[in-house]
Amino acid sequence: KNQVEQSPQSLIILEGKNCTLQCNYTVSPFSNLRWYKQDTGRGPVSLTIMTFSENTKSNGRYTATLDADTKQSSLHITASQLSDSASYICVVSANKLVFGAGTILRVKS
Amino acid sequence: NAGVMQNPRHLVRRRGQEARLRCSPMKGHSHVYWYRQLPEEGLKFMVYLQKENIIDESGMPKERFSAEFPKEGPSILRIQQVVRGDSAAYFCASSPSQGVTYEQYFGPGTRLTVT
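Here the protein sequences come in this chain order: A and B.
Going by my numbering, 41 is the number at position 41 of the first sequence; the sequence numbering is gapless.
Going by my numbering, 105 is the number at position 105 of the second sequence; the sequence numbering is gapless.
Treat the hints with care, as some may be off.
[Claimed, not checked] With the C-beta cut set under 7 Å, the calculated list includes, among others, these residues of chain B facing chain A:
#, residue
1, GLY42
2, LEU43
3, PHE91
4, TYR102
5, PHE106
6, GLY107
7, GLY109
Note that these hints are calculated values from the structure, not bench results.
As the structure is a computational prediction, the values presented were derived from the model and not from experiment.
The C-beta atom is built at its ideal place from N, Cα and C for all residues, glycine as well.
Construct the complete structure from the given sequences, taking the supplied hints into account.
Below, the structure written as structure tokens:
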């Protein structure tokens with residue numbers, strides 16, 4: 001069964017600190033892996049998309065990594081800001097998109 | 001270039017009524033996807049449509065739910081005889097071409113509440 005599991009479920013950090021979110025997947029056939037940011041009451045917005053051959057990809061203060069052998073990905077957020085408070089969703093493409101439940105990040109001052 | 005638009009943003013229906021959710025894809029996009037997000041859960045795929053065609057409806061409940069994407073106008077997700085369990089956020093996404101390798105752009109969602 002295609003599954004995407006994310007950890008932690010929720011996280012609270014202080015503004016300016018770094019954090020790393022984890023994603024494990026069992027999805028086949030694998031096409032690509034995406035990280036989305038979903039603000040409360042909004043639709044998801046794409047942060048990164050990585051194919052099988054890519055190990056790391058950055059988008060500003062967001063850096064995603066992918067280990068296709070262990071089927072793990074991480075999203076590292078550097079120098080967090082209050083506006084980073086959101087749900088971060090790991091999505092793996094098989095024949096269709098398979099969504100994780102998300103990690104709720106709260107950045108406080 | 002306007003993004004994906006959905007309306008209404010909030011919809012309240014009594015049990016047994018019909019709910020109609022509309023989605024206008026980004027300009028130039030002819031592929032539309034509908035997803036449902038239950039509280040505390042991830043998005044779940046419902047249906048994938050191209051203009052006038054349903055390509056994949058494997059995520060749609062067999063009864064009461066239907067979707068269309070006519071040649072002119074927005075895509076419509078229709079839920080007949082709504083029940084409390086239909087309360088959720090419904091998101092539409094669009095892409096310029098076929099396949100999961102293409103970026104999907106999401107709308108702001110319609111939050112359906114069934115009372």
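Going down the list of hints, with the structure as the test:
1. Restraint check, GLY42(B) versus chain A: the minimum CB separation of about 4 Å is within 7 Å; hint holds.
2. Satisfaction of the interface hint for LEU43(B) is found here, the shortest Cβ-Cβ separation to chain A being roughly 4 Å, below the 7 Å cut-off.
3. Contact between PHE91(B) and chain A, as hinted, is supported at the beta carbon level, the nearest pair being about 5 Å apart and thus within 7 Å.
4. For TYR102(B), the suggested interface contact is broken, since its CB lies about 10 Å from the closest CB of chain A, more than 7 Å.
5. With its C-beta approaching chain A no nearer than about 3 Å, PHE106(B) sits inside the 7 Å limit, and its interface hint holds.
6. Evaluation of the GLY107(B) hint against chain A yields a held restraint, the C-beta minimum of about 5 Å falling below 7 Å.
7. The beta carbon of GLY109(B) comes within 5 Å of a beta carbon in chain A, closer than 7 Å, and the hint placing it at the interface holds.
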